Each structure stands twice: as C-alpha cells, then as structure tokens.
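Listed here are the chains, written in short residue letters.
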Amino acid sequence: MSTIARSSAVYVYGLVRANLDLDLGPIGIHEDGAPAPVYTLPVGRIAAVVSARKERSFVLPARGDLDAHQRVTSRTMEVGTILPFAFGQVARNEREVSRFLRAHQSSVSRELDRLEGKVQMGLKVQWEVNNIYQYIIDTNPELAYLRDRLFTSTDPSGLAEQIELGQRFEACLQAKRAQVVNSLVDGLAVNLVPPKELPVRSEKAVADLMFLIERSDRARFEEDVRQLAAAWPPEYAFRVTGPWAPFNFVELQLSGSTRSYQS
Amino acid sequence: MAKVQVSTNSANLADIVGAILDKGIVIEVWAKLLLLGTEILRLEARVVVASVQTYLTYAEAIGLTRLVAAPAAAAIAAPALDIRVPASREIAGHAVR
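For the protein sequence lines, the chains are X and V, in the order given. Every letter in the first sequence is one number past the one before it in my numbering, and letter 13, counting from 1, is 13. Each number in my numbering comes from the position in the second sequence (counting from 1) with 1000 added on.
Don't take each hint at face value.
[What the hints assert, rightly or not] In silico lysine-lysine, DSS-like type, Cα no more than 30 Å apart, as pairs:
1. Lys-196(X) <-> Lys-176(X)
2. Lys-118(X) <-> Lys-196(X)
3. Lys-176(X) <-> Lys-204(X)
4. Lys-176(X) <-> Lys-1003(V)
5. Lys-1003(V) <-> Lys-204(X)
6. Lys-118(X) <-> Lys-1003(V)
7. Lys-196(X) <-> Lys-1003(V)
[Said to hold, decoys possible] Derived coverage of chain X by chain V (criterion: at least 3 residues anywhere in the stretch with Cβ under 8 Å from a Cβ of chain V; other residues may be distant):
8. 8-20
9. 63-70
10. 225-234
11. 242-251
Simulated from the structure, these hints should not be mistaken for laboratory data. Predicted model only: the values in this text are computed from it and were never measured. Just so it is clear, CB atoms sit at the ideal spot from N, CA and C, and this is done for glycine as well.
Only chain X is shown next, with the shape it has when bound in the complex (with noise of 0.2 Å):
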C-alpha cells in the first residue's frame, strides 16, 4: 500500500464507531485507475470510512465507482453500522475531517445508537404490462371518452385538449400509485419505522420504498412481501432489494454548512 500523505484529499463514505474493526482492503473509489485502500480515521469514540484522492478533483458517478462506494458501505454494514454519506464527498484533507468529527461526535454518537444493527430493505413495484397507457385507459372510461373525443374529432386544433388529456393521465397515474403505496405500506410497515417514498422513475414505475428493519428481520421481511405478492394480480410485478446502509434514515443534525438528504 502506498503511504498516505497527510496533505491528500480523502473521500468519505460514512461514519462508523472507533472501535469497530474494519479492515476492507483496496476497494474504494478509483485512484490511479485502480480501487483506492480503504481505511479509518478515528477521533474519540466516532470514525469516518475514507480512502485517499490525490487532489479534490471531481468524481464523476461512473459505474466502477458508484459500485465501489455502495460496496464500502455495504460491507461496513455486514460488521457494524455506518451513517453512510451520499456519494462523491470529498475533504480537502485528513485534518479536516477529523475537525468535522470532532465537533460532531455526540451528534454521531447517537445517530449510530438510533441506527444499530439496522438496515434498509427496498422494494420495487412495476406495472408488468405491454402498454402502460392502453392499461390505464382500460381502467378509467374518463379517460376513454376524452381520448375517443379528440382523437375522432375532426377539429384539428387539439392542443388545450391533449394537454388536458396528458394532465389527466398523470392524475390517473398518481392516484394508483398513492393507493398502491398505501396499501403496501398498510401491508409491510406494521411496527416499522414509517418507509421513504422514492420518486419513481418510469411510467411503468408504481412504487420504489425503503424500509428500515432489523438486520435479523430480513428474511421475515422477504417472506411478508411474498405473502403480501400472492394477494395481488399479475400485472403487479415486485422486487426486494437490499439489504443497504441506511441511506434514507440517516438523519444528523449538524451545525455549519451540512445537511443530511432525505426523500
């Protein structure tokens, strides 16, 4: 391994307790084209999950390092637990994170009482149709109607009215997707810490939820949302995924200029 130089940058990939034992090897970020060593620096009884940059130079969320990132605090989690930072977070330097944790080691400390032995589990659910449109419509004569109005009409000034055609069709969109949510929510998050709401990124795209459980809950997890899949009808399509750091749930107040992401 190289020495570290005390005056190079450092990535951050989350916080974990001092006297936790982690030794991950050379599987961070890319650093000179090959994953950087990932290391601890410890303050008091709080540390940060780091590996050296050469310079504060920007990382680009490629796919080798956002794997790397995911894989640091993935495997963080399987020993203890860590208040993951969000990718592509770089310190001038080791002095300066090490300011950072000491001025926030309470703060940390409780968090990562909060968060122990925790993890997050996702779940995904799409529509498995040919076509998405052709599925709603089928399902909202509204929509029907308006659609046979303007697309027969012999009118060829639509566009207030295909625009409103598109508005509903969102609405119609939303408003499965709420019920579906909650109904998911209703089934799963039973004496759970309440899930996060992702945006979805597809029309196709129902549902994208976190949960936070027990890392020894995880199987229990598994088998509810089969359960609660057997009751649902065909076109519903569902998947787990996880177990991840507790991106979602980390939640930090920090004084200066910090701040922690949430959905």
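Keeping the supplied structure of chain X fixed, place chain V upon it in accordance with the hints.
What follows is chain V alone, placed relative to chain X:
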C-alpha cells in the same frame, strides 16, 4: 398473484443510483464538486417530470391506443362520464392481449 423477485446482493445500476447518489449525509462544502457529475447522470436518467411536453407525449401515446375503425361514439353518451364499461374496452382488451 404478483411475481416477486429478490435482488439482494446484486443491485443494478438504477438501484444504486437511487439509493446512494443523493441520499445519505451530505456535507455541502465537500460535495459541491460533484454537482457537475450529478447533472450529467441526471440527463441520462429517465426521470418523469410533469410538464406540458410530458402531457403532450402522454396524449400522443394514448392516441395510439384508440381503435382504428370504431370511434365508439354510440357507446359514449357525452357528457355522461360514468359509463360502466365502454364498448371499446372489451375490444381494446383483446387487442392488447
């Protein structure tokens, strides 16, 4: 019965992007160098944003679902929008299957 796929331990790129790109702790001073990269990625991601253009795209796609020959005007006694099952629905259902 809905299908269930368990993709644990093998996350795809979209899962990873959704989970780690802008979630987790953010120290603004440390993260600002990422902004350019994030923007590039978001251009590639297909994020559905409600806009006039989106509505028009939807309308066009919906237009393609209409029946070619039958406007079904007879079945739709406008302005009664509470029609139970429009004639077009059954036929359209077959067409889709």
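We went through each hint and held it up to the structure:
no., hint, result
1, Lys-196(X) <-> Lys-176(X), "holds (18 Å)"
2, Lys-118(X) <-> Lys-196(X), "holds (15 Å)"
3, Lys-176(X) <-> Lys-204(X), "holds (11 Å)"
4, Lys-176(X) <-> Lys-1003(V), "holds (19 Å)"
5, Lys-1003(V) <-> Lys-204(X), "holds (15 Å)"
6, Lys-118(X) <-> Lys-1003(V), "holds (27 Å)"
7, Lys-196(X) <-> Lys-1003(V), "holds (23 Å)"
8, 8-20, "holds (count 3)"
9, 63-70, "holds (count 5)"
10, 225-234, "holds (count 8)"
11, 242-251, "holds (count 7)"
When the structure is compared with the earlier hints, no violation turns up for any of them.
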